[in-house]
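There are 2 protein chains.
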Amino acid sequence: MEAGSDDIQALIGLLARLPGLGPRSARRIVLQLIRKRGGQMAQLATLIERVAMNSRECLSCGNITDRDICAICTDPARANGEICVVQDVADLWALERGGAFRGRYHVLGGTLSALDEIGPEDLRIPELIDRITRDSMTEVILALNATVEGQTTAHYIADALDQTAVTITGLAQGVPIGGELDYLDDGTISAALRARRRI
Amino acid sequence: MEAGSDDIQALIGLLARLPGLGPRSARRIVLQLIRKRGGQMAQLATLIERVAMNSRECLSCGNITDRDICAICTDPARANGEICVVQDVADLWALERGGAFRGRYHVLGGTLSALDEIGPEDLRIPELIDRITRDSMTEVILALNATVEGQTTAHYIADALDQTAVTITGLAQGVPIGGELDYLDDGTISAALRARRRI
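Protein sequences, first through last, are from chains A and B. One point on numbering: in the working numbering, the residue at position 66 of the first sequence is 66, and numbering is uninterrupted. Throughout, the working numbering is defined as the position within the second sequence, counted from one, plus 1000.
Hints listed in this document are in silico derivations from the structure and should not be mistaken for laboratory results. Misleading hints may appear alongside valid ones.
[As the list claims (entries may be wrong)] Computed footprint of chain A on chain B; a stretch qualifies when at least three of its residues, placed anywhere within it, have a C-beta under 8 Å from a C-beta of chain A:
(1) 1025-1031
(2) 1052-1064
(3) 1142-1151
(4) 1173-1185
These numbers were taken from a predicted model, which means no experiment stands behind them. Beta carbons are placed, not taken as given, at the ideal position from N, Cα and C, and that holds for glycine.
Chain A on its own, in the form it takes in the complex (with noise of 0.2 Å):
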């Protein structure tokens, strides 16, 4: 027998089934929250509530947002020729807590696979070459991962846009800032030592 009433045991499995959490950390955080429960509780029912109600993806590039279109589509302090082409809203947080980039995002939703038979359309691949077009960009960043899926995919991309005038960019690879040589993947090093530049 699980101790716990039925509605704690059921809100360990559901968070049991939360990305990163497994039936442990679920029952820590409970505890946790059982304990600490003067407003804590209450203020995360509410947010997750209304994140739920108010959240759904921005009908130009994908993002996450309360609106139709999101904060960064509509930033007139952004520059509008050039595109940064990412798999998921997560990577497009990364490239903003970075801040280098102050252009417009396209949000593709994953990668193609052939063996889970995701194609283009169920990527938002023609709406970016509608986008590319429409709004005449100048530039188009692919920054997908470096997995066989996100190359697979920026190939793919820089196939469709083949035709078109715009410039198809890739993320630099190399060694990262702060990377020690001696804890690299040989394909990092080789990558960094062909791409080496005169400093």
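With chain A fixed as given, assemble chain B onto it according to the hints.
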């Protein structure tokens, strides 16, 4: 700038403060919740609200329950003479998962600590001694952590019960089931050797 609405940022901040979570895992959880929002988020919000509203400490043992006295304390099938003393509700749940103990529990809610000024009155120890005397318990099992704080607390309780007729026991120390000697710390190996048994 962090992307996402203010509500999303607030939700990530709240989740990131839960045990075992950080900003990165909180972001992943929120994105997953938004992605699968059909039902999952509403269900989570409802459950958190219900648990927050209904959960309280059992007036007798300190377990978490939705009634005044918890299901374990009121279960007529459990032995009345044996009481198992644990530090936290998480420990009670762990023992219940094992299913080997069929008596009653008493949750201390922490360990004695001179440094943090936690004395016996802060720990439901007077209530424990009351229960043992009133319900004429025959055995107290001190299932406290094998840490300095846990063992200090165990010794304090044993001293306090010195004048009563109750038998005081503690959990056996030794090699965990499936444990490999080579991976165990020296203290555990020495304890297992000292407590060796004829087979």
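Results for each hint:
A count of 6 residues in the stretch 1025-1031 of chain B with a Cβ less than 8 Å from any Cβ of chain A is obtained; the coverage claim is therefore met, three being the minimum. Counting residues of the stretch 1052-1064 of chain B whose beta-carbon sits less than 8 Å from any beta-carbon of chain A gives 5, enough to reach three: the coverage restraint holds. Beta-carbon proximity to chain A at under 8 Å applies to 0 residues in the stretch 1142-1151 of chain B; the threshold of 3 is not reached and the given coverage is violated. Beta-carbon proximity to chain A at under 8 Å applies to 0 residues in the stretch 1173-1185 of chain B; the threshold of 3 is not reached and the given coverage is violated.
Violated hints for the displayed structure, listed by number in ascending order: 3, 4.
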